[in-house]
Amino acid sequence: MLTSFYIAGAVAVAATLLMVMSPNAVHALLYLIVSLLAVALLFYFLGAPFVAALEVIVYAGAIMVLFIFVVMMLNLGRQATERERHWLRPSVWIGPSILAAILVGEVVYLLGRAGLPTPGVEQIDPKAVGKVLFGPYLIGVELASFLLMGALVGAYHLGWRRPKLEMHDDVYSRAARTPSGGAPLHRRADRPVGPA
Amino acid sequence: MILRTLIFIVGLLFITLTLAGWLTWVERRLLAVWQDRLGPNRVGPFGTLQALADAIKLFTKEDWVPPFADKSVFVIAPAIILIAVLMSFVIVPFAPGLLLANLNIGLLFFLAMSSLSVYSIVLGGWASNSKYALLGGLRAAAQMITYEVFLGLSVMGPVLLAGSFRLTDIVEAQQELWFVVPQFLGFVLFLIAGVAETRRLPFDLPEAETELAAGFHTEYSGMKFGMFFIGEYLGMILLSAMITTLYLGGWHGPFLPPIVWFLLKSSFFLVLFILLRASLPRPRLDQLMSFGWKVLLPLALANLLATGAVVLMRGG
Amino acid sequence: MLSILRTMWDVFLHVFKRPVTIPYPEQKAVLSPRYRGRIILSRDPDGGERCVACYLCAVACPVDCIALQATQDETGRRYPEFFRINFSRCIFCGYCEEACPTYAIQLIPEFEMGEYDRQNMVYEKEDLLIAGEGKYHGYNYWKVAGAAIGGKDKGEAERESPPVDLHSLLP
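Chains A, B and C supply the protein sequences, listed in that same order. Here the first sequence stands for residues 1 to 196, where the numbers follow the working numbering. Here the second sequence stands for residues 197 to 512, where the numbers follow the working numbering. Here the third sequence stands for residues 513 to 683, where the numbers follow the working numbering.
Simulated from the structure, these hints should not be mistaken for laboratory data. Take the hints with a grain of salt, since some may be wrong.
To be verified - Label-pair distances were calculated between CB atoms; the ranges are: (1) B:W218 <-> C:M625: 33 to 39 Å; (2) B:I211 <-> A:M21: 41 to 47 Å; (3) C:L543 <-> B:V467: 35 to 41 Å; (4) B:R480 <-> A:E84: 34 to 40 Å; (5) B:G418 <-> A:V141: 37 to 43 Å.
Stated by the list, open to error - Stretch by stretch, here's where chain B covers chain A in the computed footprint (C-beta under 8 Å, at least three residues): (6) 49–59; (7) 137–149.
Unchecked claim - For the chain B half of the interface with chain C, some residues (derived, Cβ under 8 Å), not all of them: (8) W230; (9) D232; (10) L234; (11) L294; (12) L471; (13) A474.
The model shown is predicted, which means the values in this text are computed figures rather than measured ones. In this text, a Cβ means the ideal position worked out from N, Cα and C, and glycines have one as well.
Full structure from sequences and hints, please.
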């Protein structure tokens with residue numbers, strides 16, 4: 001159990017590192033998914049299967065798909081990869097890495113001093129999670145739902161277009177701007193026509 | 197104990213994969229019946245070995261990776277769907293004592309695995325680096341994320357009634373009354389969302405032969421295509437098994453042994469899925485999305501609300 | 513919603529319908545006599561070749577799969593020296609049959625002519641010529657044509673008067 005825990009932890013760390021270093025956006029997202037799955041496994045080993053399942057369903061299953069969706073829509077291609085690779089020079093990453101390494105060292109030191117915590121064996125079933133969420137943490141849940149509601153309304157507002165009427169307007173105005181035949185014809189007329 | 201589990205795993209893998217392959221033949225024969233044709237009837241008695249012939253054909257085909265594809269992702273993608281779907285079979289209770297892992301979050305595990313199988317389609321579509329595949333992948337992402345929501349919400353009805361995510365508990369709670377009766381709306385929602393989630397017709401927009409060549413697996417051939425193919429049929433089997441478990445009382449039934457009841461109910465749904473394919477046309481993507489968000493989501497929420505209220509009133 | 517269920521039910525009812533498929537090699541399809549299959553050359557009721565080597569079929573053929581060479585016997589009766597149809601080119605359109613003035617070339621309801629060697633798809637005259645009259649019975653071109661051939665002089669054809677002697681018509 002303990003070894004599995006540490007293996008999963010190592011996978012999470014390695015996947016996250018690879019995610020940061022990957023020049024290709026989709027590959028980076030794939031590593032992030034692996035990292036999230038590893039974290040879900042960690043939750044499971046810590047006796048929180050419900051959180052583990054939610055981690056996979058919500059983060060790995062839904063949010064990351066949206067990320068990939070956006071990356072696919074942007075269709076960055078080879079140039080973006082090259083640019084990323086260009087950005088990934090040692091002079092860029094050496095500073096943050098040293099700072100992060102100091103923090104990692106501190107964590108290791110603290111863990112070493114307090115003795116390694118053994119992952120809990122006691123299982124927390126979904127019912128207990130629900131009782132806690134709708135008991136002592138009710139305010140937190142409600143606040144989170146407010147936030148999500150706000151986000152939903154905002155997204156709806158941003159995505160909302162006046163139906164039909166404005167769309168017709170748009171079409172007509174565009175048609176008015178480019179007289180019949182539009183721009184392509186004019187461009188073609190620039191070329192010599194007939195025997196030169 | 198470990199040996200028994202191992203044998204069970206190997207047996208389950210063998211049976212499900214064989215069944216999925218065989219289901220391709222069943223589907224073709226049934227479609228033929230409903231279209232006044234005969235279907236594949238040449239290989240073996242009644243054509244039952246057609247699946248085997250197809251498998252041999254797929255295995256001996258050239259295993260081709262297009263030069264413009266993202267190679268590693270292209271290779272990984274078909275494996276994801278097989279792994280995700282096969283993992284889900286771990287929690288299916290076929291009969292009392294005949295299941296691999298009786299997780300207390302069994303149902304959530306199923307949802308998690310089905311949400312991971314999206315990646316297979318999306319990444320396959322992206323890695324192919326072709327416009328048809330990309331469009332298929334985009335459609336798959338939109339469709340499957342959407343329908344996952346209702347899949348999860350509609351499933352909460354049985355969970356509320358049984359008071360547990362454990363699938364054996366849910367089946368036990370249906371001793372007297374199958375959940376399809378009190379949860380009929382949830383059952384219908386789950387059926388629709390499940391068909392969309394397995395990308396079966398009429399919700400096969402990610403592949404949509406008529407518009408997108410073959411959608412997300414346009415560039416795939418040989419056994420990589422075969423894995424997508426088998427994954428779809430495994431998904432069908434899994435979905436039938438889950439519907440049986442959640443709404444039709446799992447293994448419960450008079451006279452016959454439990455496993456037979458389970459298989460009977462599951463195969464009924466398999467036939468139903470094939471009938472759906474035979475009879476219904478494919479909706480447009482915007483119709484699919486608006487149907488999902490504007491019709492199914494309110495219905496699923498209302499169903500959840502009503503179920504919760506009833507459970508609360510009965511002092512559950 | 514109801515219409516969806518009705519569609520499904522209607523489709524389901526096809527279980528009780530007989531499949532229209534004909535399992536071919538065991539059970540042959542019934543082809544109409546005018547089915548455009550293999551091309552043959554037919555014969556007169558009295559056994560002579562009908563083909564007069566007029567080349568109209570070769571001209572009408574849109575894929576140029578017919579090749580022939582005309583010749584005459586000593587009595588002036590025209591016939592093809594060779595007659596060759598390349599069936600790997602033929603599209604079975606039937607234009608040759610329409611063009612033929614003597615009902616010689618005909619398409620018959622037979623289509624099982626697959627070959628492993630492409631060269632075998634080229635049919636020579638002896639492969640094409642059949643013993644019978646094909647679809648058009650009792651027609652004999654040389655019996656109704658005005659031309660003189662061996663055994664039949666001018667004016668001896670059916671529904672034909674003997675030729676008028678021009679010299680006797682002088683005023």
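> Does D232 of chain B pass the interface hint, meaning its C-beta sits closer than 8 Å to a C-beta of chain C?
Replying inline: Nearest chain C Cβ about 5 Å off; hint holds.
> Does L294 of chain B meet its interface restraint, that is, does its C-beta lie within less than 8 Å of any C-beta in chain C?
Replying inline: L294 of chain B check fails; min Cβ-Cβ to chain C is 32 Å, beyond 8 Å.
> So the hint says 41 to 47 Å: do the beta-carbon atoms of I211 of chain B and M21 of chain A match that?
Replying inline: Since I211 of chain B and M21 of chain A have Cβ atoms about 43 Å apart, the given range 41 to 47 Å holds.
> Holds or violated: W230 of chain B as interface residue toward chain C, Cβ cutoff 8 Å?
Replying inline: 5 Å, holds
>> Please verify the coverage claim for the stretch 137–149 of chain A: does it have three or more residues whose C-beta sits within 8 Å of some C-beta in chain B?
In response: As far as the stretch 137–149 of chain A goes, the hint is violated, because 0 residues have Cβ atoms under 8 Å from chain B.
>> Is the interface hint satisfied for A474 of chain B? The criterion is a beta-carbon contact with chain C at less than 8 Å.
In response: 5 Å, holds
> Is the shortest C-beta separation between L471 of chain B and chain C less than 8 Å?
Replying inline: Hint on L471 of chain B: holds, closest Cβ of chain C at ~6 Å, below 8 Å.
> Holds or violated: is there a CB of chain C closer than 8 Å to the CB of L234 of chain B?
Replying inline: 4 Å, holds
> How does the Cβ-Cβ distance of R480 of chain B and E84 of chain A compare with 34 to 40 Å: does it lie in that range?
Replying inline: 37 Å, holds
> Using the C-beta atoms of W218 of chain B and M625 of chain C, is the stated range 33 to 39 Å upheld?
Replying inline: Holds, at about 38 Å.
>> Is 37 to 43 Å respected by the C-beta to C-beta distance linking G418 of chain B and V141 of chain A?
In response: Distance hint for G418 of chain B, V141 of chain A is violated at roughly 50 Å.
> Between L543 of chain C and V467 of chain B, does the C-beta distance stay in 35 to 41 Å?
Replying inline: 37 Å, holds
Violated hints for the displayed structure, listed by number in ascending order: 5, 7, 11.
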